[in-house]
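Asker: Respectively, the protein sequence lines represent chains B and U.
Taking the working numbering, the leading residue of the first sequence gets 187, the next gets one more, and so forth.
Taking the working numbering, the leading residue of the second sequence gets 187, the next gets one more, and so forth.
Don't read these hints as lab results, they were simulated from the structure.
Keep in mind that the hints are not guaranteed to be accurate.
Beyond 10 Å from chain U on every Cβ pair, some chain B residues (computed) [as the list claims (entries may be wrong)]: (1) Gly377; (2) Ser516; (3) Gln544.
Straight line, CA to CA, 30 Å or less: simulated DSSO-like cross-link-like pairs of lysine-lysine [to be verified]: (4) Lys399/U to Lys639/B; (5) Lys378/U to Lys639/U; (6) Lys639/U to Lys264/B; (7) Lys595/B to Lys213/U.
Listed next, with one range per pair, are the computed distances between beta-carbon atoms [unchecked claim]: (8) His510/U to Glu372/B: 55 to 63 Å; (9) Arg251/B to Lys357/U: 35 to 43 Å; (10) Lys538/B to Glu195/U: 25 to 33 Å; (11) Lys538/B to Gln407/U: 26 to 34 Å; (12) Glu196/B to Ala483/U: 56 to 64 Å; (13) Ala495/B to Glu410/U: 20 to 28 Å; (14) Lys378/B to Glu410/U: 19 to 27 Å; (15) Glu410/U to Lys538/B: 17 to 25 Å.
The structure presented is a predicted model; accordingly, all values stated were derived computationally and were not measured.
Each residue gets a CB set at the ideal place from its N, CA and C atoms; glycine is no exception.
There are 2 protein chains.
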Amino acid sequence: MKFTDATTEEINAVMEKSWDAFLAYRKLPLQRRWEFMYAMANELDNIATPLVEIASQETNLPKDRLESERKRTVFQLKSYADACKRGDWLDIRIDTAIPDKTPPKPDIRKMMVPLGPVVVFGASNFPFAYSTAGGDTACAFAAGCPVIVKAHPAHAETSEMVANAIFAAAKKTHMPDGIFAHIHGEGFETGKTLVLHPRTKAVGFTGSFAGGKALFDVANQRKEPIPVFSEMGSVNPVFLLPEKLKQSAEQTAKMYAASITASVGQFCTNPGILIGIKGEALDRFLKSLSDEIKNIAPATMLHPGIAKAFVEKRQKALAQNGVHVAAVSSQQPQENQGLPTIATVSADEFLKNVLLHQEVFGPYSILVICENDQQMMEVALHLEGQLTSTIIATENDVQQHEPLIEAIKNICGRFIMNGVPTGVEVCLSMNHGGPYPATTDSRFTSVGADGIKRFVRPISFQNWPDSLLPDELKNDNPLGLWRTVNDSLSREAI
Amino acid sequence: MKFTDATTEEINAVMEKSWDAFLAYRKLPLQRRWEFMYAMANELDNIATPLVEIASQETNLPKDRLESERKRTVFQLKSYADACKRGDWLDIRIDTAIPDKTPPKPDIRKMMVPLGPVVVFGASNFPFAYSTAGGDTACAFAAGCPVIVKAHPAHAETSEMVANAIFAAAKKTHMPDGIFAHIHGEGFETGKTLVLHPRTKAVGFTGSFAGGKALFDVANQRKEPIPVFSEMGSVNPVFLLPEKLKQSAEQTAKMYAASITASVGQFCTNPGILIGIKGEALDRFLKSLSDEIKNIAPATMLHPGIAKAFVEKRQKALAQNGVHVAAVSSQQPQENQGLPTIATVSADEFLKNVLLHQEVFGPYSILVICENDQQMMEVALHLEGQLTSTIIATENDVQQHEPLIEAIKNICGRFIMNGVPTGVEVCLSMNHGGPYPATTDSRFTSVGADGIKRFVRPISFQNWPDSLLPDELKNDNPLGLWRTVNDSLSREAI
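Bound conformation, chain B alone (with noise of 0.2 Å):
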């Protein structure tokens, strides 16, 4: 199956709609957003087999795999849907007024709105839950705005699929036409047209640092800028601390084998760094790595293009000064296949060549060996913006390492503690995001209910009667919404 490019003519049409529908979206109460995203959920359920099979044929990525990510696009899509509704997104501020004060104060009251027209785009690697009924999308409809897909070309019969779902879904709801809109388009240029549309109000993209980055370019450089939130991928460092390493080597070992290869190392969140300071727990937990890698076999990458872009990444960064092979699988890969591979460099080379610093997409790490405590503090100086940050470490190495555990924080999303980062949960609590380059806007993230708070924009009402004050706003608080009513939280009414 081929899908044309849309024209320019193509996209200003599908704008105007979506702006159309907006205006007309915006103003649904939070229950019918709910049966919307509930609905889509439905409807993902009941196509699950026939689009998990053209999902496993476009992304080479296994059935089962598939099946776990298209579950977790449904839970999402449920979760996002109830946090609408429960509405603690909204932010909801009262001042009440105070006229006898000089001069009066008047009555206030803020809530969250929606931006307008979203376009998103999806990534390669999560043809469900980053992707046309993903994260990005689900936040957006849960904001109130209507959402533009740009469907990636390396699933596009998948993201078809999805689309005609949502379609479904918005049809069975008696949701505005033009809610949704799916976008084809090989290359830069339909993209392009779409973030530089007047009718576009934000943008969410998952994907690679040249590609978020070019968009978030574009977006700036509009008449009107508009935020652009791209999730942009990172190295996802992991701290080795001594007392902890001597414990517990092997262990961490086999747990990092099995993070470093999921998925063939195709996550967002893959460890593409290890560090650790030279001696015998290194040697260890180094030689029990090796021999983890060497028994998991090469699979087939998500693309042609991706697996490429491995061979040439992993065989640059292999051609570094002082970077050596640790192990590989010992099985050949066929084409398209990514070969599992540990390198090791000393922290000496690492800090001189910041090429060492960048991903490589696929299943790849690099063992950065630092002679003692203070180089280890230096790489993590050294390093830029992370999705997560990790430490394999006792409480008495975070007490011990206190200005290291600081400088790690300061750099990432997500700070784990001895755990894989590769897993993103879907819950309130989860960040992913992180300083940049893991994303263009540290202060958001794109997984969990608080994505939403990306496509929204705070209003105040001032001095209006209460009967014609939203109903989020109202007095008797209808819909049972948690408030923060003269600089304290309730859910009574005023």
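Position chain U against the provided structure of chain B, taking the given hints into account.
Answerer: Then chain U, alone, in the frame of chain B:
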């Protein structure tokens, strides 16, 4: 008194010191931030008389106006300090572990942490409340960020005096060295150097569109782009709806004559455009407004540059096709005084000429005369983003003009009914922000304690033992904060 521009070397030294201060300050408990901010407020009380004296000399603003702005600044510091300690802005989310889930769900806890050193550019028109110890500075300190203020050259001595008060407060409360810095510089280069410095992590700005947009562009061209919140003013349209205008033409005119000329029109919420439908009620309104304006004396503007710009922009606006002067003050303006002026134009001409949509900073407003409801709607649809919009309307007017009300809502950050936009209450429900070009990011406010959120980002702690977590996230909730625990808001221990 004359101040020398900071050199690049001096700025480098200041920023390194700010960074060191950041590492120490962000670890201090909220109580310590509260103490520091209250000490700042006290210092500003201690120097009240000489401070208002100097500010009056530098800005030409009357002393009673300045004293009330000073008091507002003191209130603002205390109120944001209280909000800092109350901690709602930390957006704490806790999801406890579910070990028997497949795969096991780890314990994850999220809170806000400071971004790093914040560069603040104060406003010419509010030497206290939006300047050196103003809202941006208070928000940044509450967030846990050091502040570097670029003094406004129009009130550099006032700024220096306030800076010394901040230094004194920092010393008395044992704040880390470098928590605050004060930089002088006449031109754009000093500001640019500050924004480009790699240690700078966010920017707060209040002032002109040209200045705010230029800093936004500089920040986005950095290797590591950083968030800039520029509040750039607006024309704050006022829509006069028919039923209410008929009832209260004269009363509304009086209220607006005062609002348009308050502080010589030098408010970013000054109502620069009034929109009405032609007829007997609008004639009465215009006559009454004109009578009032004639009786309001010209007054000296903030500085000669602003007075000159007012003369030029006013002249240019009045020279446009179809623009007529309806009334000016009956008194001749002296040098550097702003002449209160009301102009009129037909909606036809207004819609054709975007120059008329732009701010004339000073005591000037233009009445746009529409043929009918539909043309008023057209005007609403043609306006850019605004800090505020106002309707003068009965409940019946609102119900009869639903699409118009929606269109107005869509372009503003604060929506006032039967009031004036001037007067920005310092409270949590305030939104002093709005769609571009009113600000560079409509998702934030610069007034009210929610302004803290501009300078923080979330971080998730995954799988950390209770003893190593920050107090904010510990099981027993020692700070008594509101937290969302497993999707429910609570102040209980876990």
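Asker: Each hint: holds or not?
Answerer: Evaluated hints:
1. Every CB of chain U is more than 10 Å from the CB of Gly377/B (nearest about 19 Å), matching its label as outside the interface.
2. Taking the minimum C-beta to C-beta distance to chain U, about 27 Å, the non-interface status of Ser516/B holds against the 10 Å cut.
3. With a cut of 10 Å on Cβ distances, Gln544/B stays outside the contact zone with chain U, its closest approach being about 14 Å.
4. Annotation: proposed proximity of Lys399/U to Lys639/B holds, straight-line Cα distance about 24 Å (limit 30 Å).
5. Between Lys378/U and Lys639/U, the direct Cα distance comes to roughly 24 Å. Compliance with the 30 Å bound is thereby established for this hinted pair.
6. Between Lys639/U and Lys264/B the alpha-carbon distance is near 28 Å, which keeps this suggested pair within the 30 Å criterion.
7. Using a Cα cut-off of 30 Å, the hinted pair Lys595/B and Lys213/U holds, with the two alpha carbons roughly 12 Å apart.
8. Distance hint check: the CB atoms of His510/U and Glu372/B are about 56 Å apart, consistent with the given range 55 to 63 Å.
9. Remark: the range hint 35 to 43 Å for Arg251/B to Lys357/U is contradicted by a beta-carbon distance near 59 Å.
10. Evaluation of the 25 to 33 Å hint for Lys538/B and Glu195/U yields a pass: the beta carbon distance comes to about 27 Å.
11. Remark: the range hint 26 to 34 Å for Lys538/B to Gln407/U is upheld by a beta-carbon distance near 27 Å.
12. The given range of 56 to 64 Å is respected by Glu196/B and Ala483/U, whose C-beta atoms sit roughly 60 Å from each other.
13. A hinted range of 20 to 28 Å holds for the C-beta pair Ala495/B and Glu410/U, which are about 24 Å apart.
14. The hinted range of 19 to 27 Å is satisfied by Lys378/B and Glu410/U, whose Cβ atoms lie roughly 23 Å apart.
15. Between Glu410/U and Lys538/B the beta carbons are some 21 Å apart, a value that agrees with the proposed interval 17 to 25 Å.
Hint 9 alone, counting from the list given before, is not met by this structure.
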